[in-house]
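> Each chain, letter by letter, is given below.
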Amino acid sequence: MVNRVQMRFLSLADNVGLARVAVAALAGQARFTLSDIEEIKVAVSEAVSNAVIHGYQGRPDGWIQVEVTLDDAGIEILVEDWGVGIADIQKAREPGHSADPERMGLGFVFMESFMHGLEVESALGEGTRVHMRRFVTWSGELSRDVQ
Amino acid sequence: MTIIHSVHRQSVHVRIKGDLDLKTADALRESLDQLIDRYRDKDLVLDLEDVAFMDSSGLGVILGRYRRLAQQGRRLRLEGVRPAVKVVLELAGIDSIMSISDSADGRPTAPQPQS
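Protein sequences appear in the order of chains A and B.
Numbering (our numbering) for the first sequence: 1 to 147.
Numbering (our numbering) for the second sequence: 1001 to 1115.
A portion of the hints provided could be inaccurate.
[Claimed, not checked] Quick look at which bits of chain A chain B covers, simulated, 3 or more residues with Cβ under 8 Å:
{"no.": "1", "stretch": "11-20"}
{"no.": "2", "stretch": "78-84"}
[Stated by the list, open to error] Quick list of the computed label-pair ranges, beta carbon to beta carbon:
{"no.": "3", "chain 1": "A", "residue 1": "Q6", "chain 2": "B", "residue 2": "A1070", "range": "43 to 53 Å"}
{"no.": "4", "chain 1": "A", "residue 1": "F135", "chain 2": "B", "residue 2": "P1083", "range": "14 to 24 Å"}
{"no.": "5", "chain 1": "A", "residue 1": "A87", "chain 2": "B", "residue 2": "S1006", "range": "38 to 48 Å"}
{"no.": "6", "chain 1": "B", "residue 1": "S1099", "chain 2": "A", "residue 2": "R4", "range": "18 to 28 Å"}
{"no.": "7", "chain 1": "A", "residue 1": "E121", "chain 2": "B", "residue 2": "V1007", "range": "20 to 30 Å"}
{"no.": "8", "chain 1": "A", "residue 1": "D72", "chain 2": "B", "residue 2": "Y1039", "range": "23 to 33 Å"}
{"no.": "9", "chain 1": "A", "residue 1": "T69", "chain 2": "B", "residue 2": "R1068", "range": "40 to 50 Å"}
{"no.": "10", "chain 1": "B", "residue 1": "Q1071", "chain 2": "A", "residue 2": "E94", "range": "37 to 47 Å"}
These are computed hints drawn from the structure, not numbers from a lab.
Don't be surprised by glycine CBs; every beta carbon is placed ideally from N, CA and C.
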């Protein structure tokens, strides 16, 4: 089973929920548990929020693209913006890194913790691509195989 | 997102309904700050029974209110926390600094000392 979805929407806070619900609906077609899907939703929410807040710095007229590929192994999610880019990706991924004291700087921490792989590419003035993967875990089948 | 508050002898209870994310963070921050400023001698209890989703934007609002209250010697408690929200709170270490009650049994979990 392979399915692919591509969404493109404006950099509005209202679209953060839209993106995570759409990805969750697609993830529901694979054998993810409900708690897996809840964690995928958090990761998508963080990536899209980063694009809105940091990529476009609150500007509402930038484009954000979310591309999702689903197969029997799991889900791959690419969140892309064409905003200001990240000067130091390593630093941005550190826990607590945030210019805003009201924000916790945990966006990338959540993405890393809730997904099984995270790659970030960025170029100043060109934008940012966040690529995440999560595999389906086959605990039930594995137990039966072991027996 | 909607919030309904009720004033008790020692605390203000706030029932929040809806997702806590980038879209709702500013409105939630503003509402909670108004309550904190209006009832200056009371603790704050947030009932999250009707909050199905929270990400770091919602978490930031809660932590920011916790800091404000702590500076004034007041407390913030979370009640009715659903499993999906609890995972996020635990990953951020929030459960180590404030009291959190699950939605299932309602029993408070004492803050764990930080190691």
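> Hint by hint, say whether it matches the structure.
Against the structure, the hints come out as follows:
1. 11-20: holds (count 5)
2. 78-84: violated (count 0)
3. Q6/A - A1070/B: 43 to 53 Å: Since the Cβ atoms of Q6/A and A1070/B sit about 45 Å apart, the hinted range of 43 to 53 Å holds.
4. F135/A - P1083/B: 14 to 24 Å: holds (21 Å)
5. A87/A - S1006/B: 38 to 48 Å: holds (47 Å)
6. S1099/B - R4/A: 18 to 28 Å: Check failed, 45 Å falls outside 18 to 28 Å.
7. E121/A - V1007/B: 20 to 30 Å: violated (51 Å)
8. D72/A - Y1039/B: 23 to 33 Å: violated (54 Å)
9. T69/A - R1068/B: 40 to 50 Å: Holds, since T69/A and R1068/B (Cβ atoms, about 43 Å apart) stay within the stated range.
10. Q1071/B - E94/A: 37 to 47 Å: violated (26 Å)
Consistency with the previously given hints fails for numbers 2, 6, 7, 8 and 10, ordered from lowest to highest.
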